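Novice: Top to bottom, those sequences are chains R and V.
Sequential numbering from 74 applies to the first sequence in the working numbering.
Sequential numbering from 33 applies to the second sequence in the working numbering.
Be a bit skeptical, because a hint or two may be false.
[Claimed, not checked] List time: in silico DSS-like cross-link candidates among lysine-lysine, alpha-carbon distance up to 27 Å:
| id | chain 1 | residue 1 | chain 2 | residue 2 |
| --- | --- | --- | --- | --- |
| 1 | R | Lys139 | V | Lys108 |
| 2 | V | Lys54 | V | Lys142 |
| 3 | R | Lys139 | V | Lys96 |
| 4 | V | Lys108 | V | Lys142 |
| 5 | R | Lys140 | V | Lys95 |
| 6 | V | Lys243 | V | Lys271 |
| 7 | V | Lys95 | R | Lys186 |
| 8 | V | Lys243 | R | Lys140 |
| 9 | V | Lys171 | V | Lys148 |
| 10 | V | Lys95 | R | Lys139 |
| 11 | V | Lys243 | R | Lys139 |
| 12 | R | Lys140 | V | Lys108 |
| 13 | V | Lys171 | V | Lys54 |
| 14 | V | Lys148 | V | Lys292 |
| 15 | V | Lys96 | R | Lys140 |
| 16 | V | Lys243 | V | Lys108 |
| 17 | V | Lys142 | V | Lys292 |
| 18 | V | Lys96 | R | Lys186 |
| 19 | V | Lys292 | V | Lys171 |
| 20 | V | Lys148 | V | Lys54 |
| 21 | V | Lys142 | V | Lys171 |
No lab work stands behind these hints: they were computed from the structure.
Keep in mind that this is a model prediction, so the values were computed, not measured.
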Amino acid sequence: MHELSLVCGIIDAACEVMQNNGATQIEEIELEIGLLTGIEWEAFDLAWQTARRNTPLAAASCHIAKKEGRAECLECGRLYSVVSLADVCPECRSYFKNIVSGEELRITALVVK
Amino acid sequence: MCATCGCSAQDGNNSVTIRLVKPGLQHFQNLKPVQNEDHLHADEHPHKHPDHTNQHQHNEGNKKISLEIDVLAQNKLAAVRNRGFFEGRNMKVINLVSSPGSGKTTLLEKTLVQWKPGVPVYVIEGDQQTDNDARRIAKTGVKVVQINTGTGCHLDAPMISNALHELNPEFGSVLFIENVGNLVCPAMFDLGEQARVVIMSVTEGEDKPLKYPHMFHSSDICLINKTDLLPYVDFDMDKAISYVYRVSHVQDCLPVSATKNTGLENWYRWLSNLLAQNSSQVTAKVQAL
Ligand SMILES: Nc1nc2c(ncn2[C@@H]2O[C@H](COP(=O)(O)OP(=O)(O)OP(=O)(O)O)[C@@H](O)[C@H]2O)c(=O)[nH]1
Ligand SMILES: [Mg+2]
Ligand SMILES: [Zn+2]
Chain R
74 MHELSLVCGI IDAACEVMQN NGATQIEEIE LEIGLLTGIE WEAFDLAWQT ARRNTPLAAA
134 SCHIAKKEGR AECLECGRLY SVVSLADVCP ECRSYFKNIV SGEELRITAL VVK
Chain V
33 MCATCGCSAQ DGNNSVTIRL VKPGLQHFQN LKPVQNEDHL HADEHPHKHP DHTNQHQHNE
93 GNKKISLEID VLAQNKLAAV RNRGFFEGRN MKVINLVSSP GSGKTTLLEK TLVQWKPGVP
153 VYVIEGDQQT DNDARRIAKT GVKVVQINTG TGCHLDAPMI SNALHELNPE FGSVLFIENV
213 GNLVCPAMFD LGEQARVVIM SVTEGEDKPL KYPHMFHSSD ICLINKTDLL PYVDFDMDKA
273 ISYVYRVSHV QDCLPVSATK NTGLENWYRW LSNLLAQNSS QVTAKVQAL
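Please build the complete structure, drawing on both the sequences and the hints.
Specialist: See below:
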């Protein structure tokens, strides 16, 4: 359900930037979304298709750069890729970690007209 | 349309309402919605770093703008303001999250009666549609504000900020926030709380933390409720606790039964410790999401 919240946030923020730039339409939007955000892509897609109707983003193409999850092991310091928050350090088998990337949720560019 | 909650301006039924719930009132329709029309976060968008925008011309009429906008920026900003408000009033604020029915309200009812912090206590209740839980809380004599999120599946920081106007909590008080029953969405929305408590119950299966890691990951303590039902369900407590630690940094994992009053003294001890800490010592976990 929060996919809709996030999409609404994206649309809102994009429209504000568009207006601040004296434009009336958004042709392209680039997003950076971390794979550890827990976003369900199907739900995100559905929310995107629904929510952008009748907005300046109705015809925009959307490019999503998905960022892989990375963690730092708090026992041995090793940096490793994580697919799930439950992943284990490949070096020392500890679960104790800090997430260093994969939680991004950003608009990185807009093409406006 | 609002920035972070899922409501859209087209849907008129979807407005968030906030109101004080008093004991004895039967129907919440009788209560005047304080914030009915006012779409909480409409038209108060903070400027989203116009300075960072870096523009150059694209094809005819098209302009490409490079940005670095955090989609949750508006919520994070409001959460930081709430946290400042809480520190200014020397308050302790606890956000309770769980799946629907894990026992948040029952635990609160017990806590409000049994835990004696010696300072005023308040409650904010989050629920999509009803004020049933707020009425249960009001019966304990504690001042409670209901936030109905409509179809929204979580509380957000601007809603809390609005509810605080209603509540006007005293200096040095404690505020419990019961979030909407949902193990996914509330994880992303920092409310400005100093501690987040995740509750799971033994009827949910011990792999909850692995299935919904984000909520556990963002919490400070985990309560495993309904231990009175352990003889009747297949639930491996040790395994559950090890799963919690696998995905989170929680300080503790406390098995309790809210209805049978088992293990609650550990929860009260944890609360009293939190209360004894200087506000500035509480390292609030600002959501990275
Ligand atoms: N056996 C048992 N039942 C419990 C316990 N705690 C709560 N319950 C029951 O579980 C049901 C749901 O409890 P609530 O406290 O309303 O749960 P909640 O998390 O507030 O639910 P929502 O607000 O709907 O998300 C009720 O029937 C409670 O009586 C417990 O420790 N043991
Ligand atoms: Mg409840
Ligand atoms: Zn390691």
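Novice: Look at each hint and say if it fits the structure.
Specialist: Do the hints match the structure? See the list:
1. R:Lys139 <-> V:Lys108: 22 Å, holds
2. V:Lys54 <-> V:Lys142: At roughly 19 Å apart (the allowed maximum being 27 Å), lysine 142 of chain V and lysine 54 of chain V satisfy the hint.
3. R:Lys139 <-> V:Lys96: 21 Å, holds
4. V:Lys108 <-> V:Lys142: 32 Å, violated
5. R:Lys140 <-> V:Lys95: Holds, because 26 Å separates the two Cα atoms, which is no more than 27 Å.
6. V:Lys243 <-> V:Lys271: Given that 27 Å is the threshold and the Cα spacing comes to 14 Å, the pair holds.
7. V:Lys95 <-> R:Lys186: Given that 27 Å is the threshold and the Cα spacing comes to 6 Å, the pair holds.
8. V:Lys243 <-> R:Lys140: 21 Å, holds
9. V:Lys171 <-> V:Lys148: 17 Å, holds
10. V:Lys95 <-> R:Lys139: 24 Å, holds
11. V:Lys243 <-> R:Lys139: 21 Å, holds
12. R:Lys140 <-> V:Lys108: With a Cα-Cα distance of about 21 Å, the restraint between lysine 140 of chain R and lysine 108 of chain V holds, given a limit of 27 Å.
13. V:Lys171 <-> V:Lys54: 8 Å, holds
14. V:Lys148 <-> V:Lys292: Satisfied, since the Cα-Cα distance of roughly 19 Å is no more than 27 Å.
15. V:Lys96 <-> R:Lys140: 22 Å, holds
16. V:Lys243 <-> V:Lys108: Holds, at roughly 26 Å.
17. V:Lys142 <-> V:Lys292: 10 Å, holds
18. V:Lys96 <-> R:Lys186: Roughly 9 Å separates the two Cα atoms, so the pair holds.
19. V:Lys292 <-> V:Lys171: This hinted pair holds, its Cα atoms lying about 19 Å apart.
20. V:Lys148 <-> V:Lys54: Given that 27 Å is the threshold and the Cα spacing comes to 22 Å, the pair holds.
21. V:Lys142 <-> V:Lys171: Holds. Lysine 142 of chain V to lysine 171 of chain V sits at ~12 Å (cutoff 27 Å).
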